[in-house]
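Residue numbers (UniProt numbering): 1 to 271.
Honestly, I wouldn't trust all of these hints.
[As the list claims (entries may be wrong)] As a list, the in silico BS3-like pairs of lysine-lysine whose alpha-carbon atoms are at most 25 Å apart:
{"no.": "1", "residue 1": "82", "residue 2": "95"}
{"no.": "2", "residue 1": "97", "residue 2": "72"}
{"no.": "3", "residue 1": "82", "residue 2": "97"}
{"no.": "4", "residue 1": "29", "residue 2": "82"}
{"no.": "5", "residue 1": "82", "residue 2": "101"}
{"no.": "6", "residue 1": "41", "residue 2": "29"}
{"no.": "7", "residue 1": "97", "residue 2": "29"}
{"no.": "8", "residue 1": "72", "residue 2": "82"}
{"no.": "9", "residue 1": "223", "residue 2": "266"}
[Unchecked claim] Ranges between beta-carbon positions, derived for each pair:
{"no.": "10", "residue 1": "214", "residue 2": "183", "range": "41 to 49 Å"}
{"no.": "11", "residue 1": "256", "residue 2": "234", "range": "22 to 30 Å"}
{"no.": "12", "residue 1": "41", "residue 2": "86", "range": "27 to 35 Å"}
{"no.": "13", "residue 1": "74", "residue 2": "221", "range": "48 to 56 Å"}
{"no.": "14", "residue 1": "44", "residue 2": "168", "range": "25 to 33 Å"}
{"no.": "15", "residue 1": "41", "residue 2": "226", "range": "51 to 59 Å"}
{"no.": "16", "residue 1": "205", "residue 2": "161", "range": "48 to 56 Å"}
{"no.": "17", "residue 1": "222", "residue 2": "199", "range": "46 to 54 Å"}
{"no.": "18", "residue 1": "74", "residue 2": "102", "range": "37 to 45 Å"}
{"no.": "19", "residue 1": "104", "residue 2": "74", "range": "43 to 51 Å"}
{"no.": "20", "residue 1": "108", "residue 2": "143", "range": "32 to 40 Å"}
Calculated directly from the structure, the hints in this document are not laboratory data.
For every residue, glycine included, the Cβ atom is placed at its ideal position computed from N, Cα and C.
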Amino acid sequence: FAAKKASAAAAAATATTKTDTTVRLLDGKLSQNMAISLSSKLRLPFPDVAAAITACDVEGVGGTGVVDMLLKLECYEGEAVKAVSAHLAEEERRKAKRREKAAAAAGDGKGDGGGKDDGKDDGDGDGADRLDLPERFVRDVVLAVGPRCLPRLRAMQFMASLEDALVSLEADVACLANASGQVRNSRRLRALLRDVILPLGNRMNEGSRAEGAAGLRLASLGKLAATRSTVANQSLLQYVAAKLVAAGSDLADMADELPDVAAASKLSMPT
Numbered sequence: 001f002a003a004k005k006a007s008a009a010a011a012a013a014t015a016t017t018k019t020d021t022t023v024r025l026l027d028g029k030l031s032q033n034m035a036i037s038l039s040s041k042l043r044l045p046f047p048d049v050a051a052a053i054t055a056c057d058v059e060g061v062g063g064t065g066v067v068d069m070l071l072k073l074e075c076y077e078g079e080a081v082k083a084v085s086a087h088l089a090e091e092e093r094r095k096a097k098r099r100e101k102a103a104a105a106a107g108d109g110k111g112d113g114g115g116k117d118d119g120k121d122d123g124d125g126d127g128a129d130r131l132d133l134p135e136r137f138v139r140d141v142v143l144a145v146g147p148r149c150l151p152r153l154r155a156m157q158f159m160a161s162l163e164d165a166l167v168s169l170e171a172d173v174a175c176l177a178n179a180s181g182q183v184r185n186s187r188r189l190r191a192l193l194r195d196v197i198l199p200l201g202n203r204m205n206e207g208s209r210a211e212g213a214a215g216l217r218l219a220s221l222g223k224l225a226a227t228r229s230t231v232a233n234q235s236l237l238q239y240v241a242a243k244l245v246a247a248g249s250d251l252a253d254m255a256d257e258l259p260d261v262a263a264a265s266k267l268s269m270p271t
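Take the sequences, apply the hints, and build the full model.
What follows is the structure, encoded as structure tokens:
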């Protein structure tokens with residue numbers, strides 16, 4: 001019985017090999033990844049997808065999720081395009097030869113209806129029609145749209161994310177504008193810089209060319225946190241804050257006038 005089962009399995013495998021005429025041209029891993037993504041997320045015929053990409057129609061292609069998926073397919077240039085293009089060119093050459101033979105046969109009047117071209121291959125049929133799913137995507141979408149297929153998909157992704165990006169950017173700009181206004185109009189901040197930080201800096205710079213300064217450079221304010229005591233391992237900024245709290249000064253509550261500054265300080269905006 002075991003021998004019969006093995007023989008039957010071998011026969012079935014042989015039959016499958018003989019009947020499977022699917023043309024696979026892409027790298028195995030790439031082909032597998034493409035097949036999974038396309039079959040699970042793409043719901044439109046390939047010609048419709050190509051038309052939507054050509055028109056940069058995000059909704060027409062199936063939405064932002066489909067655009068993101070398509071961008072992950074590594075088939076828009078390189079070996080994938082070359083392999084499918086070469087195969088299609090070879091198929092066209094074969095068709096041309098068949099047409100030439102059919103025309104020659106028709107001219108010679110050989111056989112009954114021998115000159116009729118029924119469009120069928122003498123062997124396994126048209127290889128272009130037997131392409132696997134990933135190869136058909138390259139043919140019907142990538143090559144149909146042309147070399148700008150990938151840039152168009154990137155543009156579609158940008159278009160889809162633009163509205164959300166604008167909303168986020170507007171919120172960041174509003175936060176930054178509010179914080180700037182609060183810093184500019186803060187009475188306590190001006191008093192702190194004029195009545196505490198400037199005199200302290202002049203005291204520390206006694207005997208140097210920087211003593212007796214009439215004002216502060218904004219760039220120098222960062223040194224308040226960088227300058228540390230060798231005794232208590234305390235920064236100059238912490239020292240000033242501790243003295244203000246101990247003295248009961250309202251300058252210690254300066255943060256009440258700057259509610260948006262902390263959030264604005266965390267923003268990273270391109271310039």
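Next on the checklist: Check the hint pairing residue 72 with residue 82 against an upper bound of 25 Å on the C-alpha distance.
Outcome noted: Satisfied, since the Cα-Cα distance of roughly 19 Å is no more than 25 Å.
Next on the checklist: Next pair to validate is residue 82 with residue 95; report whether the Cα-Cα distance is within 25 Å.
Outcome noted: 20 Å, holds
Next on the checklist: Against the range 43 to 51 Å, how does the distance between the Cβ atoms of residue 104 and residue 74 compare: consistent or not?
Outcome noted: Check passed, 44 Å falls within 43 to 51 Å.
Item to check | Outcome of range test on Cβ distance (residue 74, residue 102; 37 to 45 Å) | outcome: 40 Å, holds
Next on the checklist: Quick check: does the Cβ-Cβ distance between residue 41 and residue 86 fall within 27 to 35 Å?
Outcome noted: Check passed, 28 Å falls within 27 to 35 Å.
Item to check | Pair hint residue 82 and residue 101, alpha-carbon separation not exceeding 25 Å | outcome: 29 Å, violated
Checklist entry - Does the Cβ pair residue 44, residue 168 satisfy 25 to 33 Å? => result Distance hint for residue 44, residue 168 holds at roughly 31 Å.
Next on the checklist: Hint check: residue 41 vs residue 29, CA-CA at most 25 Å. Holds or violated?
Outcome noted: 18 Å, holds
Checklist entry - Range hint 22 to 30 Å: satisfied by the CB atoms of residue 256 and residue 234? => result With Cβ atoms ~24 Å apart, the hint holds.
Item to check | 32 to 40 Å as the expected CB spacing between residue 143 and residue 108, which holds or is violated | outcome: Given a distance of about 38 Å, which is inside 32 to 40 Å, the answer is holds.
Checklist entry - Does 46 to 54 Å hold as the CB distance between residue 222 and residue 199, or does it fail? => result 19 Å, violated
Checklist entry - Would you say the C-beta atoms of residue 214 and residue 183 sit inside 41 to 49 Å of each other? => result 21 Å, violated
In this structure, the hints that do not hold are numbers 2, 5, 7, 10 and 17, in rising order.
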